[in-house]
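Colleague: From first to last, the protein sequence lines stand for chains A and B.
Mapping the first sequence onto numbering that gives the first Met the number 0, position 86 (from 1) lands on 85, and the numbers just tick up by one.
Mapping the second sequence onto numbering that gives the first Met the number 0, position 203 (from 1) lands on 202, and the numbers just tick up by one.
Because the hints were derived from the structure by calculation, they are not lab data.
Only a predicted model underlies this, so the values are computations on that prediction, with no experimental measurement involved.
Some hints could be false.
Unchecked claim - Distance ranges between label pairs, derived from CB positions:
hint, chain 1, residue 1, chain 2, residue 2, range
1, B, Leu8, A, Pro139, 42 to 52 Å
2, A, Lys405, B, Asp74, 56 to 66 Å
3, B, Gln160, A, Thr49, 52 to 62 Å
4, B, Ala99, A, Pro394, 33 to 43 Å
5, A, Lys405, B, Ile277, 15 to 25 Å
6, B, Val145, A, Ala229, 43 to 53 Å
7, A, Pro139, B, Ile72, 27 to 37 Å
Stated by the list, open to error - Derived lysine to any residue pairs resembling SDA-like cross-links, with alpha carbons at most 20 Å apart:
hint, chain 1, residue 1, chain 2, residue 2
8, A, Lys219, B, Leu56
9, A, Lys168, A, Asp150
10, B, Lys40, A, Ser65
11, A, Lys424, B, Gly178
12, A, Lys219, A, Ala269
13, A, Lys214, B, Phe92
14, A, Lys286, A, Arg262
15, B, Lys40, A, Leu137
16, A, Lys352, A, Lys478
For each residue, glycine too, the CB sits at the ideal point set by N, CA and C.
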Amino acid sequence: MKRQLWLTVAMATVGAGLLLAAGFASSAESSPQADQKNAARGGTLRVDQTSDFDYIDTSLAYFSHSWQILNTTQLKLMSFPDKEGAAGSRMRAEAAAGFPRVTNGGKTYTFTVKPGFRFSDGSPVTADNFRAAISRALNPKMQSPASSFLDDVARYRTVGRMQLEITLKVVAPDFLARMSMPFFSAIPANRPIVPEGVDAPLVSAGPYFIREWVKGRSAKIVRNPFWNNAKEPFKSLGRPANVNEIEYTTGNTQDAIKLRIERNQTDLGAIPPAAAAELSQKFGLNKGRFFIRKNLVFWYLALNNDSALFKGNTKLRQAVNFAIDRPQIVRQHGFLGGGRTDQILPPGMPGFKDGKIYPLIGQNATTKKQADALAQGNTRGGKAVFYAFTSAPGPAIAQVVQFNLKQIGIDVEIKQFTRTVQHEKVGTRGEPFDISHSGWGADYPDPYNFINVLLDGSRIQATNNVNESYFNDKSYNAKMEKAARLSGDARLQNYGNLDIDIMKNQAPLAPYINTNARVFVSESVGCYNFSPVNGTTNLVAVCKK
Amino acid sequence: MLQYLVRRLLWAAVLFLAVTVVTYVIFFIIPANPAQQAAGKAATTEKIEQVEKFLGLDQPVYVQYYRFMKRLIVDQSLGRSFATRQDVNDIIFDAAPITASLVFGGVFFWMLLAVPIGILSALRPRSLLDRASMTFVLIGISAHPVWIGLIFVYFFSFKWQITPISGYCDIVNGSTGCGGPIDWAYHMALPWATFAILFAATYVRMIRANVMETLNEDYVRTARAKGAPESQVIRSHVLRNSMLAVVTMLGMDIGLALGGAVFTETVYGLPGLGRVAIESINNFDLPITQGVVVFGTFSIIVFNLFVDLFYAWIDPRIRLA
Chain A
0 MKRQLWLTVA
10 MATVGAGLLL
20 AAGFASSAES
30 SPQADQKNAA
40 RGGTLRVDQT
50 SDFDYIDTSL
60 AYFSHSWQIL
70 NTTQLKLMSF
80 PDKEGAAGSR
90 MRAEAAAGFP
100 RVTNGGKTYT
110 FTVKPGFRFS
120 DGSPVTADNF
130 RAAISRALNP
140 KMQSPASSFL
150 DDVARYRTVG
160 RMQLEITLKV
170 VAPDFLARMS
180 MPFFSAIPAN
190 RPIVPEGVDA
200 PLVSAGPYFI
210 REWVKGRSAK
220 IVRNPFWNNA
230 KEPFKSLGRP
240 ANVNEIEYTT
250 GNTQDAIKLR
260 IERNQTDLGA
270 IPPAAAAELS
280 QKFGLNKGRF
290 FIRKNLVFWY
300 LALNNDSALF
310 KGNTKLRQAV
320 NFAIDRPQIV
330 RQHGFLGGGR
340 TDQILPPGMP
350 GFKDGKIYPL
360 IGQNATTKKQ
370 ADALAQGNTR
380 GGKAVFYAFT
390 SAPGPAIAQV
400 VQFNLKQIGI
410 DVEIKQFTRT
420 VQHEKVGTRG
430 EPFDISHSGW
440 GADYPDPYNF
450 INVLLDGSRI
460 QATNNVNESY
470 FNDKSYNAKM
480 EKAARLSGDA
490 RLQNYGNLDI
500 DIMKNQAPLA
510 PYINTNARVF
520 VSESVGCYNF
530 SPVNGTTNLV
540 AVCKK
Chain B
0 MLQYLVRRLL
10 WAAVLFLAVT
20 VVTYVIFFII
30 PANPAQQAAG
40 KAATTEKIEQ
50 VEKFLGLDQP
60 VYVQYYRFMK
70 RLIVDQSLGR
80 SFATRQDVND
90 IIFDAAPITA
100 SLVFGGVFFW
110 MLLAVPIGIL
120 SALRPRSLLD
130 RASMTFVLIG
140 ISAHPVWIGL
150 IFVYFFSFKW
160 QITPISGYCD
170 IVNGSTGCGG
180 PIDWAYHMAL
190 PWATFAILFA
200 ATYVRMIRAN
210 VMETLNEDYV
220 RTARAKGAPE
230 SQVIRSHVLR
240 NSMLAVVTML
250 GMDIGLALGG
260 AVFTETVYGL
270 PGLGRVAIES
280 INNFDLPITQ
290 GVVVFGTFSI
300 IVFNLFVDLF
310 YAWIDPRIRL
320 A
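Looking at chain B on its own, in the form it has when it is part of the complex (with noise of 0.2 Å):
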């Protein structure tokens, strides 16, 4: 166990330094030098110069690169942002606990949808419902978020006013004259179901898929062959076998998720990561962009080593491939 996760570790490390060395190298491939912008739409050259070396753009790539790093694991330290030189640590801090309150209370929205209707589905194949739920997978998978949030936004919020049109209010402390959890989750309401949807498709035909391949395993039949309540078998015979691989996706797509936060917090005004790394791309802000990537790896990272080990806990077959 302990050689796998070291070997697990090594390779988080691996892919770490992978995902910062291809970001940086595409920033400096993007024919736009942030300096310029930071110095004014008239400046001299002596003074972009000036601001180059004042952000350090002086230096050649692997310079910056070696900085960077070495600020990141020494002092803990994302560096400054070079269009408010802001220190981007705050900044990623304050924009991570609301995408993961997206994420995550997406992830309960779309898990209450999905597991019912994919189940329902599996035991009642070509029924109503089952041709119901399918156009309902293929409306979630087709459709943008972001075309589902104009949708949901001009019915929910401006014309019926069941929910408001943009904005977040923390679940905690109010910074905009709101907060709470009931502020909180009306705010998140409509971007949680817009996630939802988009994310509940997929698992409502993976569930479906796995339910009823499981349904016609053997130890299946032989469970409802000794009498035993169909509720039991059910749960206890179909349910624990075909979740293993939803949970395996869970994991991974918690991950993914971050993608189709950047969208969802856009719709709804949302300060979170996504919107974060959208202005910085505008921006051409390469420590803010960064910062979100590296947060984002780690997380991932961190994330997919849990699922593995969990797994190789749990399956002794994981540890010994």
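The shape of chain A in the complex, shown without the other chains (with noise of 0.2 Å):
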């Protein structure tokens, strides 16, 4: 029996150890880089996500933290300032010498390109890369989402060595701002077509390039040895790239992430939504530690024009946007998780006004009787069908908006169902909904990509519809076709009375919040950058300590 008890002894012994062992092996794990610290410029910026980019190719990369690092990596021919807020919104010309010279009535561009620029392996950047970008996205073999974006190009050429021309069929001003995403940029004239999209090492023309990319696990990103922030063309383009490098780790979840931060195992990630309140407490807010900065992002609810609830019933869906207890719905996003909202620009984009529409602050007598005189007589049987996501914060809102609308005499039913089986549904015209629980991110900084892609009814389809409102009213239509055709101040003038009009006398939906983003840094960060028009970290203008 002794012997039996001390075999037992000796394998607790044995299993103890391996994982003391294992503990002791702990070095390698990466820690604090101590050469690093107190040097604005140089060193390795690690940045921890929860899942892997979808493509490395600018051709097919659409997930928004595969622009992320796109745009740290790649030259564009229009592009945004390193810059925050107002000033990191307004266009520039990146890669061309200037803004294009629009001919043809609108409808021809034609970009110069600045000379001086050159690719990670050292060939120069030409007009003619510009001219691969588009025909790489257009190339069926390529089955890329960029094509979305250029149904209206009639013909693209180049002119000269440095010089590209782009005819479109009709007059469209936000094509400058389509130009400015990720799957334009410059890429080598004989990139292959291969439809599952390129691998690293992935040359470009950007301040970086990808040299390694471990699918599910790293990737990591070095300088363009080509890039020379005291010469021109790059000097006056004010890119700082103040790392040397940018790892980053794949697969963590944000709890982890969260950890890894507060350990300085890691520089910065997406963190849980719920830990924000705790590390302002912590830390203060934007005091270096942790960040709020405004997405051009907005969240909704679909009221459905096409359900017998909504359809023409202009004023009761105007009463639901007296109805909401805007704050009470925003608090179900988590603290500091954005900014209450009547409208549907955010205030970041440019055009956007100010129009004060409907109660921010709450429910109180006065909107309850706005609320109560618009619904009276227009409730139409007092029922309506609610879809909403799973995932939070959807049943919280679902519920709160249930609470909101009885009070107007509306019975609202639940119906839950995962994000993406959500949104299929209700993009399917027909489906049997009255509300629905929305959001709309920026693809480009332009009013177009919210009020014309939201919401002109000319574009609504059998299936995929984004209109999810299915707000389909030919004055509406012809308006926000006009706003299209316009340029420079007037555009974003009519842009910005277009909203409110729109939100004022139609109501199509229910705008509750423009969504922040949360962001937490390590200790060895030295100076942090938010691009307002991507919504994520500007990689490039991030240093360490």
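Put the two chains together into one complex, using the hints given.
Modeller: Rendered as structure tokens:
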């Protein structure tokens, strides 16, 4: 019996020993790099992400975090400065010598490429490299999502070595903004047509290039040796390119990322929304570790203008906008989740005007009276089907809305689906729903990408509709079409007014929040920069201490 | 024996077909079209139709299934991901060794815990050790692996900094700046422990019950009456007989452990099959989900077949049945 006990003790000791041995082997784990401290330039930026890039191929990548890496590594004709706030939303020429020459009644754009840019393999960037990007995106073998943004391109060609001429079928002043998407970055003219996308090392002409990508595991980005901020044409662009390398680690949970940042094992990454309160209390807000930045995103309740309840029932749609308790709904997005809104355009979007249309302060006697007055006699049986999504904050918001609408005499039946299924069902015309919970973020910062894309009824199709309100009013379709043809200040003025007009007089949806990005960085990050256009950290402008 | 083998192999083929058909059908019942996601959020109907054709989704379900089986049998290919167009074979074969590391390492640790505790509890029933081990069993059975994982990470990794918070290092060559057996074991220590607790609990109970039952057998009494030393009685008569059922269960549980791996891999950021499966389900990426299912089914079938054959070899009564 004694031997039996000894055997047990020995086995347990072996087990514990193995665990301890593993513990002592910890020296290889990424620890803060002492040599990088206090250095504004240089060092390695460590980024954690919960899921991998879809592609690193510019013709195919469409995830927001894929665009983050592409905005760090690619050179585009048009782009946005590496600045925060409104300054970062003003379009500027990047590889182009200036804004393009527009001729042919606004249909032909001629870009002149600045000489001096080089790919990471040393080859010079010419107009042909941008032509190749368009050509590759349009190649049917690539099945690129970028092709949807080129539907109105009639023809494109290079003129000489440094000029690219693109002719559109119709006037489309948002075309320049579209050209700022990573889809249309300079690529080597001989980049192969591979439907699965090209791999790393990926030759690119931005400040960095992707040297390594281990799918599902990691990626490494290093400096483009031919990018020199001391010389033109790089100097005038002012892209800081502070760190020497950027290392991505893929697959950690948000909880793990938060702990890793706290322990300085990584520098930044997505954190759980629930951690915002704790982090802001611990590190303060915008004081070096925990930041809040506004996204060009809004969330709303789509009111189905095709349904028996809301069709031709403007008063009830307005009543919903008065009845919903925006502070309570916004609270479901978590601490510092975003700012309340009653408009389609986010405040950071060019053209935005504050219309002060519906109550943002929550419900009180006055707002209840207004909501009741509008709903009176317009509830048409008083029943609504609400398509909600199952992930947070979907169920909680559905319950708040259910309670709010009960106050104006509408019984809401909540049906929950996973986000993808909900989106697909709601996008199919004829689906029997009255209200749907949706969100929209900009592909490119132009009001067209919100107003026309979401509400132009002439674009409604059988499936895959993003106009989830099925708003289709001929006069407003014409107004949107007219705004889309304008350019410059007139365009922005027009869109700003149209946003207010639609929400005030038609209320096809009930916007409630412009979300915030909640960013937590490690103690070794020296300076932080957020791209308002992409809604992600601008890695080119972040620096280490 | 040959007849038995043929019968088992035929059953394995039927099981394989059934599992792949069910996975396919489930995917087509869910009202989500991968082509819509691949085409982009504002794609036209024509564009979606193009993508459907490109992905082969324009064909009826049975045609798609036929093509899948043909590709699998003729080309040994699981196809390409809808979402990332990567070769599913590559994805599965990259992830499988990580899951294998977790499962086999976990098995080692859970047996390391379960065998001594189970035996001691059986030898000293109702003792303090027995009661303490039963408490451990209760916690292990009741607690979810995600919860156990989060608690472990918080204390062992974050507070005491004994183990890494998450991540994985290859046992041979490092692709993420770390690699080699020591780094590998260091990163796997907590996942193994989490995995071990999950299963060890059940095994402690089973070993305890089996040992207690065997201790009352006539041949044990006879061995003791013959004057055999207690250690020999335990080792040669009790353990040998009581472990037979444990080995059977272990064979089946290694296959089932894949389910537990999903949670453990997610908590610890291990890029194994569990995480691949979760991501593919979230993306409605049928080829990858189907790839994981095919691989999992194949592994379980092979493992069970091996256990059955092993049993048939050591116990002729099974062959006759």
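Colleague: Taken at face value, is the distance from the CA of Leu56(B) to the CA of Lys219(A) at most 20 Å?
Modeller: 35 Å, violated
Colleague: Given the hinted pair Lys352(A) and Lys478(A), is their Cα-Cα distance within 20 Å?
Modeller: 17 Å, holds
Colleague: Can the suggested window of 42 to 52 Å be confirmed for the beta-carbon pair Leu8(B) and Pro139(A)?
Modeller: 45 Å, holds
Colleague: Evaluate the given range 52 to 62 Å for the C-beta pair formed by Gln160(B) and Thr49(A).
Modeller: 23 Å, violated
Colleague: Given the hinted pair Lys214(A) and Phe92(B), is their alpha-carbon gap at most 20 Å?
Modeller: At roughly 12 Å apart (the allowed maximum being 20 Å), Phe92(B) and Lys214(A) satisfy the hint.
Colleague: Take the C-alpha atoms of Lys40(B) and Ser65(A), compute the straight-line distance between them, and say whether it is at most 20 Å.
Modeller: 16 Å, holds
Colleague: Would you mind confirming whether the straight-line C-alpha gap from Lys168(A) to Asp150(A) stays at or under 20 Å?
Modeller: Roughly 9 Å separates the two Cα atoms, so the pair holds.
Colleague: Lying within 43 to 53 Å: is that true of the beta-carbon distance Val145(B) to Ala229(A)?
Modeller: The hint (43 to 53 Å, Cβ to Cβ) holds, given that Val145(B) and Ala229(A) are roughly 51 Å apart.
Colleague: If I claimed the Cβ atoms of Pro139(A) and Ile72(B) lie 27 to 37 Å apart, would that claim hold in this structure?
Modeller: About 30 Å separates the Cβ atoms of Pro139(A) and Ile72(B), which means 27 to 37 Å holds.
Colleague: Is the Cα-Cα distance between Lys40(B) and Leu137(A) 20 Å or less?
Modeller: Given that 20 Å is the threshold and the Cα spacing comes to 17 Å, the pair holds.
Colleague: Are Lys219(A) and Ala269(A) close enough, with their CA atoms no more than 20 Å apart?
Modeller: Holds, at roughly 18 Å.
Colleague: Does 56 to 66 Å hold as the CB distance between Lys405(A) and Asp74(B), or does it fail?
Modeller: 58 Å, holds
Violated hints, listed in ascending order, are 3, 5, 8 and 11; each of the other numbered hints is respected by the structure.
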